[in-house]
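Visitor: Listed below are the residues making up each chain.
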Amino acid sequence: MFLLYCPKLFGHGKLGIFWVRSLVDLSNTKSHATTNVALLSRVRNSEDHAAWREFQDRYRELLLRFCRKRGLQHADAEDVVQSLFINLTKALPQFVYDPQRGRFRDYLYRCTKSAISRWSRRSIGPFQALDTDREHLQPDPVDRAQDAADAAVWEQEWVAHHYRLALERVRADFDARNVEMFERNLSGESIAALATAYGVNEQSIYKARQRIRARLQELVAEQVREEDRVDDQPVP
Amino acid sequence: MISPSHSGPDPLSDADLSDAFGFDLDDESWVDRLRACASAPVMGKLGDFELLSELGRGGQGVVFKARQPRTGRIVAVKRLGAGVFATPAMRSRFEREVEAAAVLDHPNIVGIFGTEVIDGQPLLTMKWIDGVPIDRWANPPGPSRRPVREVLQVFLTVCDAVHHAHQRGVIHRDLKPSNILVDGQDRPYIMDFGLAKIRSEAIPSAILSQTGEFLGTPAYAAPEQIRGDSRSVDVRADVYALGAILYQLLTGSPPFGRARDWPDLMQGLSQRDPIQPSKLDPRLNSEIDAILLKSLAHDKQERYESIDALAADIRRYLAGDAVSAHPPSSAYRVRKFIRHHRASVMVSTAFVFLLMAATITSTAFYLRSEKESARAKREAETQSAISQFVQNMLHRAAPYPLPGNKDITVRDALHAAALEIEDKELQYPPGVEAELRHAIADTLYVLGSIHEAIVIEREALRLSRIAEAAGEPPCLDCYSVLAQMQKELDDYPAAVETLNEALAALHDTPENPSPERPELMRQLGMVRWRQGDFRASERIAREALRLSMEIAPDNAAFVDTMNVVISSLVPNNAPDFEGETMARKTLAYIHGYAPGGLDYAFQLFWLAMLVRERGDLEQAEQLNQEAIRIYENTRGDKSPACVAARFELGLIRKAQGELDEAESIIREVIEFRSKLLGDHNRATIDARVFLATVLHAQGDYQAALLILEEALANYRKRFGVDNIHTVRVEGPLAPVLAAVGRTGEAEQLFRHALAVRRDVLGERGETATNIHELGQFLLDQGRIHEAKPVLQEALTMRRSVRGEDHRETTETRRALMSIVHAQD
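Note that the protein sequences, when read in sequence, are chains Z and E. Going by my numbering, the residue at position 78 of the first sequence is 78; the numbering climbs one at a time, nothing skipped. When you read off a place in the second sequence, starting at 1, and then add 1000, the result is the number in my numbering.
Don't take every hint at face value.
Just so you have them, the derived chain E footprint on chain Z, three or more residues with Cβ under 8 Å [unchecked claim]:
hint, segment
1, 150 to 160
2, 198 to 208
3, 214 to 224
Since the hints were derived computationally from the structure, they do not count as laboratory data. Just so you know, even glycine gets a beta-carbon here, dropped at the ideal spot from N, CA and C.
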């Protein structure tokens, strides 16, 4: 079980609460040293540093890219993401669930937005004022257009995030040669060129690609469903 | 299109999903879509630097490959946390450190070009190295591993670089594989000198613990660093780190495994040692083990004192010369061994004794006469031989546990070591070797491995005889302990023979008796007692006592001799309780020089028994409990001595009427003895016999019968039909037989036992009890005329032996009174 807590984001004093089950079933992923099940429930335990590092590795790129697309310099994006992670470590162990509040990715989106807001309003330095209790984070009402644009960007990045994850996982499901061909195709090489390079006919490469695509889509669907799953049980 | 602000957790419909992820696109479009996702993030610029790619991410910040637009030079840019500049003091500190590091001009140290502050963030510009971290270099993915020599050669270069820095006052403090890159020509480069110091002071610890990243990798940090004791961090912290890195390069993983976090570390480092590298990789040998062990010593005093020393040893190894890393001092080893192997106190005490080359038997043979220079010389040689042996044994046994066996005990180590010296030719003279083997045997004996011990002790004795033939003094301890073990295994004739041989080996005269004579005689007296010849035992013991008073009135043999005398008196229960008086005197004597010690405990136990016999159960319990307490603390609750004391407690409990508790105590005793000495050992059977009396008192006649009949058969065979020990089983058996109706057999046993007792003991409490029991039996049969005179005799004897007010006397009186009433 994994509980999230996102205080003060909804304008009133009540705590917003979520339930999210293990965000991604990582059992297929090849190289992680830690156990792959329920990464997020492990992250809830602030002592589990390995899980925490994994969580950061997993989500960093998504968050960085979003920040960059929102116009931040790379260095600033780094800072924002860093402070966001710090926040999450504090907040994660205490989450409670509220089915009204939406999905994990929505929550994460909101937290990211607020982290960016905080950063843009900072007075001293990026490592100050991390105490969420003392903050009032009202989304600026006039910025609705910005909101919509942000939402679109977020979704793009979220999709990309899932595909990236799935790509990592899919490697374990196919033999190395097919994966290699697929990746080379992805980085721009034409099927024709690959056919020559590997000494196979193009048709077989297309077919292989289709199989990999199907698998990727399966993985993505699985990942997303996992992320969205709602569970009634309270945290032990 | 899915809107993230959509409230309510409806699951994503398939349509939504396809839409978002382009599941319905044709292949080519879909691949384009995917391409966009998978492409590298836009990096942007950092000040003037054009960021090309992210090289790594570590405790201090991120490192980018960047290009300087002005020069086109490719550099590595490290972005440090802003906290470094929190105050002007810290900033200047930072600059000084960087300056110091920057002047480290060494081909294998990554040059620092400078620092800049861009948008309030400190950046460090360094030479860019096209290389891989050294662990990946040494063990690239795939089956191949770099040859050990190659790894060591490169490692030596690393050592030189680190040493260069040390000599200029810069300690790295954060050496780890990711800080050491190796380029295509196998050249190593070390990064980030000195920065660890700034980093840890600059960044608030709240953040450190929260993100975890900032703490860096614990796997290579020396214990004193982890403890946060920054003042005690010196060059040896880098020695440790390099040791850990080399360990990983050669075996594939860091010394304590990968999945390490700070809490684990605090636990683990203080208690464990890493797995022997030679066990993890067949290419490695014990010299590598020694080098790594020395680098990774928990206590920095035990490490190489400098990188230079470490490098020198590696060079020696590569040249085929002997490595200097030797096992640490034996004091350290003993501490470490005891710490690691959490054995009971008994074991470590025995071990300390062994180390001090003192024997663990009684102090009787402790060197007394300095006149005996030959003996003194032998003592000295023995001491060194034992030390040497123990050191080797410790080296072999610790710090690496035997495979599959986490807690090696001293016993295992001794056994393994003893086996090893079985066939070897040691260079010591036979007398010294005899003493050495004796020390091993004795320790094993104390630890409970009597069967192994006796084999080794016999071997020791054989060597002693060879020494004696050459004119050397005999190993008297060998004889003494061997006799003790033989006695314990119930081989009394053998024990007697051994002791007589020892006495002969003294080559002394009545005019000039040897100081060791009383002790050997005392032992002989004990064996006689065991054989049931109390008169002989008393005689021998009194003689021993006289001799010891004559030779050296204040030596420790006095105490033991006294006890033999007393013990020979116990079955006799002399009317003036001479035994108890003597025991008290002895107790006071011991209290004078060693209260709370093993002699004292034994004396307490002894006295408790006598007091119990007298009938003062409360006092007996007190004395006995104290004895148990001392034994538990010194020898451990599994030692034979402690078990004997618990047996006594069982006797007390039964006398108090607490049958259930007595039963459970005695069952424990039986279990211990059975395991230690075997099912048919006299001590085990004695305990069983007592259990039978308890069962009898609880009314469980069948169970009691079973035990007693078996015991009787055993003792008849072992001691003979008319031996006192045999009769002491007949004693409890007879009433049980009577209770189940086998009255004919019961009467036979009563009378037979009585006859033997009259003969062997004469007029004593035990005899009187026998008479009383016969009388009671006759009474129960209704043979009142026969019972009366018998009981009268019992009363007379009990009055005389026990006293008028003793409960036994009262018991007999009551029985007689019931006859009188019946006749009225």
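Visitor: If a hint holds in the structure, say so; if it does not, say that too.
Guide: How the hints compare with the structure:
no. : hint       : in the structure
1   : 150 to 160 : holds (count 5)
2   : 198 to 208 : violated (count 1)
3   : 214 to 224 : holds (count 5)
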